[in-house]
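Chemist: The chain contents come next:
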Amino acid sequence: MKRIVFFLTFTFLFFSVNAQKFMTRNGYIGFYSHTAMEDIKGDNNQVASVLDISTGEIVFQVLIKSFHFEKALMEEHFNENYMESEKFPKSTFKGKITNLSAVDFSKNGKYDVVVEGDLNIHDVTNKVTAKGSLEVITGGINANSKFNIVPEDYKITIPGVVRDNIAKNLEVTVAMKYTPVENK
Amino acid sequence: MKPYLKIAIIAIVLIGLAGAGTGFYFFNKKHKDLLKTRPDFIVSSIDLQKEFETDESAANTKYGNKIIEVTGIIGSVKRGEEEILSVSLNTGSDFSSVICTFPSKADPSIFTKGSQVTIRGECSGFLMDVLLNNCVIVK
Chain A
0 MKRIVFFLTF TFLFFSVNAQ KFMTRNGYIG FYSHTAMEDI KGDNNQVASV
50 LDISTGEIVF QVLIKSFHFE KALMEEHFNE NYMESEKFPK STFKGKITNL
100 SAVDFSKNGK YDVVVEGDLN IHDVTNKVTA KGSLEVITGG INANSKFNIV
150 PEDYKITIPG VVRDNIAKNL EVTVAMKYTP VENK
Chain B
0 MKPYLKIAII AIVLIGLAGA GTGFYFFNKK HKDLLKTRPD FIVSSIDLQK
50 EFETDESAAN TKYGNKIIEV TGIIGSVKRG EEEILSVSLN TGSDFSSVIC
100 TFPSKADPSI FTKGSQVTIR GECSGFLMDV LLNNCVIVK
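Residue numbers (numbering that gives the first Met the number 0), protein chains in the order written: chain A, 0 to 183; chain B, 0 to 138.
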């Protein structure tokens, strides 16, 4: 049910006739784990996101299988053992810019923002607040943010054997280049 | 040292080396080189997108994690983080395409908007577009 509601919201946000919507289909979300044992980096360059500048609503959709790791075995473990991507293929974030009035979308420049919303990973939803920046440029908006997540908060179990290979806190980096949604 | 003991020690060392070698191989295994792998499906970008649009669940079961060789007209080429390349192939839909992501250091000059191209990639699934990863250009 939640998924249907989310999908409808996402589609509605996308298709509503409103010149205030911005989107990307090639957004970047990566995560980085640093331990004494090894460094792990996963990159996803196929993030779909819609930003509504009139309401501050922001929605992300991420396909777990689109995360790329340098080592093939790591990518397999990530999908099969940790994220169970066959069962839970997508991760989503649905939130809002809490200080929307601090951004002047008519003036090029960089603005600090705070985003708050629901992050769903591995079928577990948690409320997340993250600091970021919106950069208004000619013809688009760039959004950047860095925040941390704890895998256990999303019921991602990491076996004891490799627990020391993966950091307790994962650093997540978000980099989006939004362009206006054309009304066809 | 008794001869059978010597043989036993040599055998154990060899097995140990083989085990370590195998472990090392798997740990450092790189992603499949799709130029050397036969594709599971050969399809046009128009047909591929249509299947996902019609029944995403069935298309995911059919194409998920499989190697797809897709032919289509290039709609756009975008550069992403870490110099990866995203090539978008046109479909029957204005809103939805087939996005092929190439690993970093891919050369963008070989892709020109409007020209036809054949690309091989692993199908990750569908968000607003059909998403292929680990792509290589076939022709």
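I should point out that these hints are in silico values taken from the structure, not numbers from a laboratory. All of these numbers come straight from a predicted model, not from anything done at the bench. Hints may contain errors.
[What the hints assert, rightly or not] No farther apart than 25 Å at their CA atoms in a straight line, the calculated lysine to aspartate or glutamate pairs in the DMTMM-like style are these:
id	chain 1	residue 1	chain 2	residue 2
1	A	K70	B	E68
2	B	K65	A	E83
3	B	K65	A	E181
4	B	K61	A	D122
5	A	K86	B	D39
6	B	K112	A	E181
7	B	K65	A	D163
8	A	K86	B	E55
9	A	K106	A	E134
10	A	K70	B	E81
11	B	K104	A	E181
12	B	K49	A	E181
13	B	K31	A	D38
14	B	K31	A	E79
15	A	K109	B	E68
16	B	K29	A	D163
17	A	K86	B	E82
18	A	K145	B	D32
19	A	K70	B	D32
20	B	K35	A	D122
21	A	K109	B	E82
[To be verified] Just a few of them, taken from the derived set where beta-carbon distance is under 8 Å, the chain A residues facing chain B:
id	residue
22	N25
23	Y27
24	A47
25	K70
Glycine included, each C-beta is placed from N, C-alpha and C at the ideal position.
Chemist: If a hint holds in the structure, say so; if it does not, say that too.
Modeler: Outcome of the hint check:
Simply put, A:K70 and B:E68 have alpha-carbon atoms about 23 Å apart, close enough for the 25 Å limit, and the pair holds. In summary, the hint linking B:K65 to A:E83 is supported, as the alpha carbons are separated by about 17 Å, within the 25 Å threshold. The hinted pair formed by B:K65 and A:E181 fails the criterion: a straight-line CA distance of about 33 Å is larger than 25 Å. With a CA separation close to 23 Å, the supplied pair B:K61 and A:D122 stays within the 25 Å bound.
Distance check on the hinted pair: A:K86 and B:D39 sit about 22 Å apart at the alpha-carbon level, within 25 Å; holds. Only pairs whose Cα atoms come within 25 Å are accepted, and B:K112 paired with A:E181 is accepted, the gap being roughly 20 Å. Straight-line distance between C-alpha atoms of B:K65 and A:D163 comes to about 33 Å, which puts the hinted pair past the 25 Å bound. Only pairs whose Cα atoms come within 25 Å are accepted, and A:K86 paired with B:E55 is accepted, the gap being roughly 15 Å.
Distance hint between A:K106 and A:E134 is fulfilled; the C-alpha atoms sit about 10 Å from each other, no more than 25 Å. Taken as a hint, the A:K70 and B:E81 pair is honoured in the structure, with Cα atoms around 16 Å apart against an allowance of 25 Å. Our distance criterion of 25 Å between C-alpha atoms is broken by B:K104 and A:E181, whose separation comes to about 31 Å. A hinted pair counts as satisfied when its Cα atoms are at most 25 Å apart, and B:K49 with A:E181 qualifies at roughly 22 Å.
About 22 Å separates the Cα atoms of B:K31 and A:D38, which keeps this hinted pair within 25 Å; it holds. Of the supplied pair hints, the one linking B:K31 and A:E79 holds, its CA atoms being roughly 17 Å apart against a limit of 25 Å. At roughly 42 Å between alpha-carbon atoms, A:K109 and B:E68 are farther apart than 25 Å, so this suggested pair is violated. Simply put, B:K29 and A:D163 have alpha-carbon atoms about 23 Å apart, close enough for the 25 Å limit, and the pair holds.
Our distance criterion of 25 Å between C-alpha atoms is broken by A:K86 and B:E82, whose separation comes to about 31 Å. Between A:K145 and B:D32 the CA atoms are separated by roughly 33 Å; this puts the pair beyond 25 Å, and the hint is violated. As the CA atoms of A:K70 and B:D32 are separated by approximately 13 Å, the hinted pair is consistent with the 25 Å bound. Annotation: proposed proximity of B:K35 to A:D122 is violated, straight-line Cα distance about 36 Å (limit 25 Å).
Distance restraint check for A:K109 and B:E82: the Cα-Cα separation of roughly 24 Å lies within the 25 Å cut-off, and the hinted pair is therefore satisfied. Of the supplied interface hints, the one on A:N25 holds, with its beta-carbon coming within about 5 Å of a beta-carbon of chain B, less than 8 Å. Hint status for A:Y27 relative to chain B: holds, with the closest Cβ pair at about 4 Å, below 8 Å. Hint on A:A47 holds. Least Cβ distance to chain B is approximately 4 Å, under the 8 Å limit.
Evaluation of the A:K70 hint against chain B yields a held restraint, the C-beta minimum of about 7 Å falling below 8 Å.
In terms of the numbered hints stated before, the structure departs from hints 3, 7, 11, 15, 17, 18 and 20, listed from lowest to highest.
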